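Going down the list, the sequences are from chains A and B.
Using our numbering, read the first sequence as starting at 1 and increasing by one per residue.
Using our numbering, read the second sequence as starting at 1 and increasing by one per residue.
Hints are computed from structural coordinates only; laboratory data are not their basis.
Derived SDA-like pairs: lysine to any residue, alpha-carbon spacing no greater than 20 Å straight-line:
#	chain 1	residue 1	chain 2	residue 2
1	A	Lys258	B	Asp483
2	A	Lys247	B	Asp483
3	A	Lys220	B	Thr577
4	A	Lys60	B	Met13
5	A	Lys220	B	Leu578
6	A	Lys249	B	Phe485
7	A	Lys220	B	Pro572
8	A	Lys249	B	Glu488
9	A	Lys60	B	Arg15
10	A	Lys60	B	Thr16
11	B	Lys256	B	Glu176
12	A	Lys220	B	Glu479
13	A	Lys220	B	Pro477
14	B	Lys24	A	Val49
15	B	Lys331	B	Val233
16	B	Lys242	B	Lys285
17	B	Lys24	A	Tyr10
18	A	Lys220	B	Glu478
Computed footprint of chain B on chain A, listed as stretches where at least three residues anywhere in the stretch have a Cβ under 8 Å from a Cβ of chain B:
#	stretch
19	20-34
20	44-56
21	208-219
Partial selection, computed: residues in chain A whose CB lies under 10 Å from chain B:
#	residue
22	Tyr6
23	Glu9
24	Met11
25	Gly14
26	His15
27	Met59
28	Val63
29	Pro182
30	Arg223
31	Gln227
Please read these numbers as outputs of a predicted model, since none were measured by experiment.
We put the CB at the ideal spot given by N, CA and C, even for glycine.
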Amino acid sequence: MQIDAYDREYMCSGHVGCAGCGATIAMRLFMKAMGEKTIMVLPACCWSVIAGPYPQSAMKIPVIHTAFETGGATASGVRAALDMKGDTETSVVTWAGDGGTFDIGFQSLSGAVERNEDFIYVCYDNEAYMNTGIQRSSSTPYGAWTTTTPGQDWKRLRKKNIVEVLVAHRIPYVATANIAFPEDLIRKAQKAKSIKGSKFLHIFASCPTGWRIPSEMSVKIARMAVQTNIFPLYEVEDGIHYTINHKPKEYLVREYFKLQGRFRHLTDKDLDQIQTMVDEDWGLLLKKAGERS
Amino acid sequence: MNTPTMNLKPLFMPRTHETTEGNKTGSWRYLRPRYEDKTSPCSTACPAGEDIARIEMLSAQGFFKEAWETILRENPLPGVCGRVCFHPCEGVCNREGFDSSLAIHTIERHLADTAARNDLKPALEKLASQPQKIAIIGSGPAGLSASWFFTMLGYACDIYEALSEAGGILRWGIPEYRLPAPVLRTEIGRIESQGIRIFTGKHISESELNKLRGNYSTVFMGCGYSRSTPLGVSGETSESVKDGLEFLRSVRQGEKPSCQGLSAVIGGGNTAVDVARTVIRLGGKAAILYRRRRQDMPAFAEEIAMAMEEGVALHELLAPGAIEAQGDQYKLILRKMKIEGQDKDGRGRIVPDGDKTSEVTVERIFTATGADVAEPWYNPPSDKSGAITLSHCQIKFDKEGIPLVYGGDLTNVTKNVTQAIASGKQAAMAIDTYFQQGRDAIESRLASCRVGDGLSLSMEVYMQGARRLRSSHIVQPEEINTDYFQFEARVVQPRLLVEERTGSFNEIDMRISANLAIREASRCFNCGLCNQCDNCYIFCPDVAVIRGRNMEDRHINFDYCKGCGLCAAECPRNAVTLEREGL
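The whole structure should be built from the sequences, with the hints applied where relevant.
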């Protein structure tokens with residue numbers, strides 16, 4: 001990690017993100033790693049709003065607002081234009097939410113990384129369509145309440161494992177990161193910047209509004225997602241080499257669930273089942289990394 | 001052919017041209033964060049009120065001199081206290097419930113030793129000179145402390161000491177293996193270098209005291225308790241029962257009294273343990289006879305454990321009954337005791353176990369059941385009219401209004417080195433307030449200098465230092481964000497082997513390396529004290545935390561702060577307070 005990374009600032013105050021927004025923390029930290037030679041592509045997501053209404057911008061770098069399903073394609077175009085100008089220094093970043101990554105922007109992302117376009121695709125994951133009113137996405141975890149999975153119809157389907165999907169594309173670099181682990185996040189962003197080809201960062205970004213948690217809890221909750229193995233920190237190079245970055249204390253998942261309003265309805269039996277699912281996923285990851293617990 | 005020309009208009013791209021900083025999102029806020037340093041539990045528990053959280057913070061950063069000076073602002077004897085203080089600070093350490101408490105005394109000693117080794121001179125604030133002169137009787141911890149703090153406040157001090165060297169109980173009562181003389185001499189040398197004169201071999205009698213009162217504006221009585229209290233049993237003579245403190249004094253004066261055979265030591269305090277261990281070092285055998293149980297002994301548990309390792313025997317629930325001379329030996333008749341109920345202090349209440357007795361024949365008997373003044377007039381007068389009674393001293397005025405202050409063991413409820421230091425400090429503050437603002441101001445002025453809610457006072461606060469801005473709220477364990485701390489074992493105090501200990505009076509506790517001291521100090525939570533870790537800055541979603549070079553420059557930009565509370569929640573040490581907006 002560059003020593004002065006923390007001192008740099010590419011975001012402005014006055015943006016309209018909710019109090020305690022995890023996505024803004026993710027952007028701040030990520031941009032500290034990237035520096036000013038960055039062009040950002042923003043498909044529709046919370047950040048389309050946070051970045052400011054015309055003529056304002058919360059970012060000190062060029063940002064292109066684009067359509068929901070075009071994150072990968074727009075970035076490919078920006079990269080091609082820069083290459084034609086002979087600018088290989090500037091990094092192109094797509095900054096998309098989980099809706100724009102897991103669901104609506106998926107074909108364009110898959111296409112771009114299949115061509116191994118030289119850009120970084122960042123998915124900041126707040127596990128639902130938060131900007132439009134907390135509708136479930138394929139990133140919403142098993143057990144969660146959303147406005148489209150209300151009451152007893154809470155989501156009974158697993159969260160899509162997007163990292164493994166990207167790993168299957170055999171791109172040079174895929175990593176998970178978390179707002180509660182700023183050093184790890186900054187290091188991974190800088191590593192991605194230094195690699196040529198397609199890079200994918202999956203950043204866990206808590207959402208106080210949609211998760212029904214107090215705003216001051218957003219970092220704590222994000223940290224617990226790692227501590228409980230719900231969101232392990234790891235990186236995969238060339239689709240083959242797995243490295244687990246953080247061996248957590250392995251708190252029980254119920255510790256994480258009981259703090260959030262979106263999981264309030266879950267019974268002990270449900271939580272036991274979720275614990276089994278998390279343990280299973282963690283075991284699978286350990287196997288891929290060639291490690292034992 | 002007429003080809004239609006394409007109507008090429010320039011592509012319109014809306015481009016932003018201003019930042020979002022026009023939106024004053026601070027208007028959303030209903031909770032308001034505020035940087036506010038708070039009080040650590042250790043500093044309240046310290047009778048001298050040392051700023052321990054800050055001392056550890058500076059030590060962890062390698063600023064040993066600054067850390068040492070931070071101690072000296074509240075306690076002139078860190079080399080002594082790092083060795084012999086009973087460190088109540090460690091008993092209330094918030095880290096205790098996490099893994100184990102911080103070795104505060106070990107770091108204190110390390111700082112003092114480092115300063116001594118490098119012959120450091122402290123750079124301390126000193127107030128402008130005052131016309132009044134202070135006489136101090138006794139150069140024990142209370143007298144030394146009083147002189148140090150009176151000097152800080154601008155007064156000239158003279159100390160009168162009856163014995164040949166200054167230090168009182170520190171020089172003559174505590175054995176060399178716990179407190180080596182060179183350590184004490186260094187500390188006293190530093191106190192003298194502040195301009196304090198110490199007249200040794202100058203015993204002050206009651207009539208000389210009255211003469212002194214004419215020459216000085218105040219006299220501080222810190223004569224201490226230097227005589228062991230008698231047992232009060234039949235057969236007790238100056239021949240059969242020896243004064244434990246007198247024995248320790250003779251050994252520290254260089255004598256090597258014969259200790260062959262078995263010596264009985266009556267008592268359960270540190271003096272009893274010191275006497276027994278000294279007997280062992282002089283080649284004798286020692287048995288401590290105590291009327292209560294081991295867990296009730298006022299002596300430090302570690303000292304008792306080490307004494308037993310060295311071969312001291314401990315017999316519990318035995319009270320001395322009578323002494324009979326048997327040739328050169330003494331037969332000690334002991335009454336057996338038993339526990340029945342509980343005393344007010346929580347220890348088991350002892351009552352005689354019927355008429356059961358036991359006997360032991362010994363070469364000599366030492367008493368160490370408690371101590372008292374050497375001359376009765378040292379005690380503060382029982383007539384308290386017109387006097388000011390404070391927690392650690394008593395001030396009596398003569399007809400001309402000249403104050404006479406009784407301090408140290410003479411007035412302290414708990415009598416030990418650090419409480420004596422607290423007494424000297426309180427006396428200096430009280431008398432300064434008396435001179436500057438009159439006697440009615442004393443109580444409130446002292447109350448404003450309290451560390452947290454306890455009895456300890458801070459000279460730094462009294463002198464209007466930065467510490468006065470600290471909130472008196474004492475940081476509780478649940479207010480520490482332990483996600484930011486890793487389990488780490490407490491430093492192990494290196495010690496001489498038992499065999500090395502019993503053969504000499506060499507200091508038992510060895511020094512630790514600077515490396516270890518830094519690592520140990522880094523374990524400190526720094527409860528309530530910003531150490532500029534920058535968590536508030538890193539996690540602020542609104543770029544509203546403005547860092548500066550120092551703590552005073554760090555602030556929150558309330559134009560944009562939405563009051564999410566992350567800075568307070570992610571502060572590892574509760575240095576940020578969250579309050580309702582508009583209060």
